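J.: Here the protein sequences line up with chains P and V, keeping their order. Residue numbers for the first sequence follow the numbering used here, beginning at 3 and rising by one. Residue numbers for the second sequence follow the numbering used here, beginning at -7 and rising by one.
No lab work stands behind these hints, which were simulated from the structure alone. Computed from a prediction, not measured in an experiment: that's the story for all the values here. Idealized CB from N, CA, C, for every residue including glycine. Be aware that a few hints might be false.
To be verified - Computed beta-carbon distance windows for the label pairs:
hint	chain 1	residue 1	chain 2	residue 2	range
1	P	6	V	8	21 to 27 Å
2	V	18	P	6	36 to 42 Å
3	V	6	P	326	20 to 26 Å
4	P	129	V	28	45 to 51 Å
5	P	36	V	304	34 to 40 Å
6	P	129	V	269	53 to 59 Å
7	P	13	V	272	49 to 55 Å
Residue strings, one per chain:
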Amino acid sequence: MMDDESTRLVWQSIAGIVAQSPPEQALGELREFGWAELLLSEDSQLATEALFSAQGRHVVPWTGLDKVLLAHLRPDDDLWTATVVLPSAGHDVPTSMLSGSTLRITGVTAVRATRPALIVVPALEDGELVIASGRLPTDGVWPEHAGGLDPASGWTSLDVAIPAGELLVTRGTQAASAWAAAAAAGQRALAHELASLAESMLELAAEHVTSRKQFGVPIGSFQAVQHRLADVKVWVELAKLAAENAWEESDPRASALAKILAGRAARTAIKNCQQVLGGMGFTWEHQFHRLLRRASVLEPLLGGAEHLRERVGASIIAAGSGPRLVML
Amino acid sequence: MTVVASHESELEVELTVDAVRAAFRAWLTDNAATMDEFRSITGELDEVFAKLCTLQRLLFNAGWLRLGWPARVSGLGGTILLRGVIVEELAAAGYPPPFSFTAMEVLAPAVVDHATPELSAEMIPRLLRGDDFWCQGFSEPGAGSDLGAISTRAVDDGDNWRVTGQKLWTSWASYSNRCLLIVRTGAQDSAHRGLTALFVDMDTPGLTVRPYVSMTGDAEFAELFFDDAIVPKSRTLGVVDGGWNVAMSILGYERGAAAWQRQAWMMARLNDLLRAGKPSARSVGETYEMIHALRLSSRRTMRVLGGGAPAGPAASIDKLMLSTAEQSLFDLALATVPDVLFADDAETQNWRRDILYSRAASIYGGAAEVQRNIIAQRLLNLPRAR
Chain P
3 MMDDESTRLV
13 WQSIAGIVAQ
23 SPPEQALGEL
33 REFGWAELLL
43 SEDSQLATEA
53 LFSAQGRHVV
63 PWTGLDKVLL
73 AHLRPDDDLW
83 TATVVLPSAG
93 HDVPTSMLSG
103 STLRITGVTA
113 VRATRPALIV
123 VPALEDGELV
133 IASGRLPTDG
143 VWPEHAGGLD
153 PASGWTSLDV
163 AIPAGELLVT
173 RGTQAASAWA
183 AAAAAGQRAL
193 AHELASLAES
203 MLELAAEHVT
213 SRKQFGVPIG
223 SFQAVQHRLA
233 DVKVWVELAK
243 LAAENAWEES
253 DPRASALAKI
263 LAGRAARTAI
273 KNCQQVLGGM
283 GFTWEHQFHR
293 LLRRASVLEP
303 LLGGAEHLRE
313 RVGASIIAAG
323 SGPRLVML
Chain V
-7 MTVVASHESE
3 LEVELTVDAV
13 RAAFRAWLTD
23 NAATMDEFRS
33 ITGELDEVFA
43 KLCTLQRLLF
53 NAGWLRLGWP
63 ARVSGLGGTI
73 LLRGVIVEEL
83 AAAGYPPPFS
93 FTAMEVLAPA
103 VVDHATPELS
113 AEMIPRLLRG
123 DDFWCQGFSE
133 PGAGSDLGAI
143 STRAVDDGDN
153 WRVTGQKLWT
163 SWASYSNRCL
173 LIVRTGAQDS
183 AHRGLTALFV
193 DMDTPGLTVR
203 PYVSMTGDAE
213 FAELFFDDAI
223 VPKSRTLGVV
233 DGGWNVAMSI
243 LGYERGAAAW
253 QRQAWMMARL
263 NDLLRAGKPS
273 ARSVGETYEM
283 IHALRLSSRR
293 TMRVLGGGAP
303 AGPAASIDKL
313 MLSTAEQSLF
323 DLALATVPDV
333 LFADDAETQN
343 WRRDILYSRA
353 ASIYGGAAEV
363 QRNIIAQRLL
373 NLPRAR
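Next up, chain V with everything else stripped away, as it sits in the complex (with noise of 0.2 Å):
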C-alpha cells in the first residue's frame, strides 16, 4: 500500500452522513477566506483548470476528498455516500466541482473494483489529489451506441500489448496523462465478449492525441490514434475479454454517482438563476420538479452503490433525468435571461457555455435513445427487436 506520509491529513470525523455534512460545513465556514479565490472562476481554459486543481489538492490535503475510499488507495474509509455529501456541500456553498470530480466518480471506482492493488494503490491517490488527470476512451468512429463493436485491436506480445486504432469523443484527453481504454483482444466478431479494458498512459509511444473543438467553442474533445502503441499487461484492467463488465460497471457509476454531482451543480444553477432574472413561477416549480426527480432517482443508486451492488439497469432512469433535468433548467434560463445572448462579457460566458454543453447531456455517456431501449428492455422486460 502507498502511504503518502506528506499528505497524512489531521481530519478526524465520524463516518456517518450527518457527522462528515456537520464537520465539512464547518470547515468551509471556517476556511471562507481561502476559499474565496475559487466562488467564480472565469478566464481562459488553462486557467480555469490551475484553479480547479489548486482547490482539489486543498480538499485533498484537508482529508475532505480522502472520505468515500478505502484505505488501500489512500482513503479514510466510508462509502460513496460521503462523496455524495462533499460534492453536494461545496456546490451548496457556491463553489465549482474541482479538477477530477468527473473522474472520480465516473472511472476511479471501475479501477478500484478491477485493477490490481498495486495499481489502483499507486493511481488512486493521484488522481485525487490532483496530480494526474484522467480520459475515457470508448467511443471509435464506427462504435458510439454499439459499444459492443469497438475494433481497436490489442494483440498479446509477451509481457505486453500492441495497440491499434481510432478513438474520439475523449474528453479532455489533451489535459490527461492517463486513459482508460477498451480494446479488442477477442476475434472480430466476438462482440462484447471479446473486450479488455486497458489504463495507459497518454505519453505512451505510438500514441497520437489530435483535439477538436465541441460547439461550445471549447477544444474539449479529442482523437485519439494508436500505432501499435505498447502497454504492459501489468496494465490490464480485469480480466483478458472481461472488457464489458469494467465498461458496463463505468457506465453505472456515471448513470449513477456522477448523476449526484450533476444535481447538486443543477440545484446550485437554478439558485443563480433566480438572482441574474426572473423567471415565471410555473417554469421554476417545472425546473424544480425535474431536479427534485433527479435527486430521488439518484439517491436511490447511491444508496445501492455504497451498499456494495451494482447500479443495475434502474440508473438509466437517472441518466434521463439528468438530461432532462439539465435540458429544462438550461431551456429556463434561456426564457429568464436572454440578454447573455447578445452579451461577450466573462460574466455571463458561463451561461452561454452551460445553454449549449446542456445540449449534449442527452447524448454523453450513453444517449437518451439508448437509456430507454434498456428501461423497455430490461426494466419491462418488453420483447427485442429481431
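Looking at chain P on its own, in the form it has when it is part of the complex (with noise of 0.2 Å):
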C-alpha cells in the first residue's frame, strides 16, 4: 500500500488529468499514468477513489466506469482497448441474453470514439448468468453518439441481436462471481461519483444563497433555506462515509448500501438545491443542470436506489437478520 505523500500524489494527479485534459485524450493520458494497473493492484480503492470523485466534480464527457467492471470479468485483457455493456438502466443483473446461436445485446455502453476491439457482456441463458466477449462484427451494429437527457455523460443505450458463434462464453459459478464482484466495484465507482456530484450541487447552492439577497438579507440566513441544505449536507456526508465503508466490507450488500445512499444524496441535492438556486438554477447558461443530468442518468446504472433496497430487504428477510457492518 501507498504512503500518504504518495497517495496524495497520485490523487492530485488524477484529478490534473480529469481537470485538465481535453475529453478525447483523457483515457489516453489515464492509461499512460498507470491508472488500469494502480485499479488491479492492492490500490484499486485509491485508483477509484480519486478518478469518481473528479469525475463528479468536474462532469465530464466522458467515463471509466466500463473499465471498473472489466477489471473483474477481463482482468487479463487490455482494459483500455475492451468495454463492457451494463445492464440496462435499473438493473443490476444482466438484461442481455444469450440463447443458441444469437446473443441479444440489451443494455447500456459507453460510446467511444474508436470501436472496442473487445466486448464484454454479461448475460442471462436459461436464466444462468453467463460472460460472454469478443470482437464486433464489421458491420453498424455498434453506436456512434450519445443522446437521451444526458449525451455528454457518454452513455447509450443499445438493442442488437449478433451471432454467439464466435464468442468466448464463461459459465458456472465463475461467470457469478465475476459479475458479482464486478457489479459491486462498479457500485461503488458511482457511489463516488455521485457523492461528488450531489457534494458539487451543494457548494453551488450554499454559495448563491450567501451571496444572494432578498429582503435585505441573504437569502441563506432564512431557516427554511439552511434546513433544505442541511438535510442535503447530512446525506452527501453519509454517502461519502458509506462509499467508504464499502471497501473495508467483503458482503457485497456494502456495495449496494453504498449506492443506496449516494443515490439518496443526489436526489435530495437535485431537489434542495435546485429550489434554493431559484430560477437562476433553471438557466441553460447556471451549471447547475449539468450535475442534475448527470447524476439523475447514473442513479440507475447498476440498480437505482429503489431496486437496490428492495435486494438489501429481501437478503435480510431471507436471513431473518440484518449484516453486521461499520464495525468499530
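Take the two lone chains and join them into the complex the hints point to.
T.: Rendered as C-alpha cells:
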C-alpha cells in the first residue's frame, strides 16, 4: 500500500488529468499514468475513489466505469481497448440474453470515438448468468453517438443481436462470482461519483444563498433555506462514509448500500439545491442542470436506489437478520 | 483514588476492540444460563429497573463495564471504543441495555472530563456498579432549545451555592440519587457565558421532585423545584461560569456515543421485527439503510472521541440520523405488526412503548430543527439570521 505522500500525489495527478485533459485524450492519459495497473493492484480503492470523485466534480463527457467492471470480468485483457455492456438502466443483473446462436445485447454502454476491439457482455442463458466476450461484427451495430437526457455522459442504450458462434462464454460459479464482484465494484465507483456530484450541487447552492440577497438579507439566513441545505449536507456526508466503508467489507451489500445512500444524496441535492437556486438554477446558462442531468443518468446504472433497497431488504428477510457491517 | 477491592475483577484481556469483542462473546456464551433471566424483561417499572440493575452489577463485577474507563475512576483502561463493543455485543446477543447505560455514555464522560479527581473517583464507580442513578437537569420552562436562557440561580454563599429555580423534562428523576445540573451564576443577561455545572444529591433539602407521566404512560419525567437548596462548592464541575462547556461536552457525548448504543439496540429490534411479522422487502431495505447510516456517522464520532477530541458539530448529523432511523424502524413496526396496537399482553407491550417513544427521538437532546441549524451554520457556514 502507498504512504500518505504517494497517495496525495496520485489523487493530484488523477484529478489533474480529469480536470485538464481534452475529453478525447483523457482515457489515454490515464492509461499513460498507469491508472489501470493501480486499479488492478491492492490500491484499487485509491484508483477508483480518485477517478470517480474527480469525474463527479468536473462532470466530464467520458467515463472510466467500464474499466472498473472489466478489471473483474476480464482482468487479463487490455482494459483500454475493451468495453463492457452494463445491464439496462435500473437493473443490477444482466438484461442481455444468450440463446443458441444469438447474443441479444440489451443494456447501456459507453460511446467511444474508436470502436472497442473487445466487448464483454454479461448475460443470462436459461436464467443462468454467463459472461460473453469477443470481437464485434464489422457492420454498424455499435453506437456512435450518445443521446438522451445527458448526451455528455457518454452513456447510451443498446439493443442489438449478434451471432454468438465466435464468442467466448464463461459459465457457472466463475461467471456468477466475477459478475457479483464487477457489479459491486461498479456500484462503489458510481457511489463515489454520485456523492461528488451531490457535493458539487451543495457547494453551488451554499454559495448562491450566501451571496443572493432578498428582503435585505442573504436568503441563506432564512431557516427554511438552511434546513433544506442541512439535509443535503447530512446525506452527502453519509454517502461519502458509506462509499469508504464499502471498501472495508467483503459483503457485497455494503457496495449496494453505498450506492443507495449516494442515490439518496443525489436526489436530495437535486431537489433541495434546485429549489434554493431559484430561477437562476433553471437557466441553461447556470451549470446546475449539467450536474442534475449527470446525477439523474448515473443513479439507475447497476440498479437504482429503490431497486437496491428491495434487494438488500429481501436478503435480510431471507437471512432473518441484518448483516453486521461498519464494525468499530 | 478509590479502590473498590470487593469488586476487583479477574478480567484479563488485551485492550483492543477485536480482543475485547472475542472475549466478551465467549463470556456471553459461557454465562448464557446466568444471563437468561435478562433476555426478556417485562412488567412494572420498579421490577424492570431492579432487574436491569442486577444485570448491570453482574457485568460490572465481571469487569466488562469497567473497560474503556481510566484507572482513576476504577476503570480497566482503553478508549470509549471498548464501551461501544460491549454495548453492541450485548444487544446483538439479545440482551437489553443495563440500567445506567444512558447516563454512562451521556453524563459520566463529562464528569470524568470536568469534575475534581476526588469527585469523579468517588462517583463514577458508584454509577458503573449500579449503586447510583443519575439524571440531567438542563431544561427549564423558559429554556428548552435555547439553553442559554437558563434562569435557575446559584448564589455564592462561602463554601456553598444556594440554588433556586425550576427544571423540567428530567427523565427518571424519581429513580435517581444524583443530578447533573446547569445553573446561572452570572448576571441574568450573561446568556451562555454565565452558566455553571453542579453535581447535586437528590436528597438535598430544598429540592422537591414532582414526577409527571409521558405519553407512553410511564412516569418518566419530573419537575425539579429548588428552593434555596444548598450545594457544596466541591460539587462544582469545571470552572465557575464555564457550565456551557460542560453542557456542550454532554450534548456531544449524547449525540455521539449514546447514539452508538441506540443503533445497537435498533439493529436488535429490527431483527425482532423480522420474527414478529412480514415486512416488505423495500421497507426493510430502507430501515436498514437508515440504521447503517447511523452506524457510519456514529462510528466516526466514536473514533473522534476515542482519539481524545471533542465530538464537534458533526455529531449533529448523528443525532438527526438517530431520530430518522428510530422513526423509520417503528413506522415499519406499525405497518408490520398492527395487531400489537389492539393487544394488552406483556409480550407486545414493548412494541407499543417503543412505537410511542420513537416520536420523542426528534425532540430530546436537541430537537431536529436545532441540529439542522447547527449543520447549516457550523458545517456549511451559512449566515445567521439577524
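J.: Hints first: check each against the structure and report whether it holds.
T.: Hint check:
1. P:6 - V:8: 21 to 27 Å: Holds, since residue 6 of chain P and residue 8 of chain V (Cβ atoms, about 23 Å apart) stay within the stated range.
2. V:18 - P:6: 36 to 42 Å: Given range 36 to 42 Å: holds, Cβ gap about 37 Å.
3. V:6 - P:326: 20 to 26 Å: Holds, since residue 6 of chain V and residue 326 of chain P (Cβ atoms, about 21 Å apart) stay within the stated range.
4. P:129 - V:28: 45 to 51 Å: 46 Å Cβ-Cβ, so the 45 to 51 Å window holds.
5. P:36 - V:304: 34 to 40 Å: Since the Cβ atoms of residue 36 of chain P and residue 304 of chain V sit about 38 Å apart, the hinted range of 34 to 40 Å holds.
6. P:129 - V:269: 53 to 59 Å: About 31 Å separates the Cβ atoms of residue 129 of chain P and residue 269 of chain V, which means 53 to 59 Å is violated.
7. P:13 - V:272: 49 to 55 Å: violated (42 Å)
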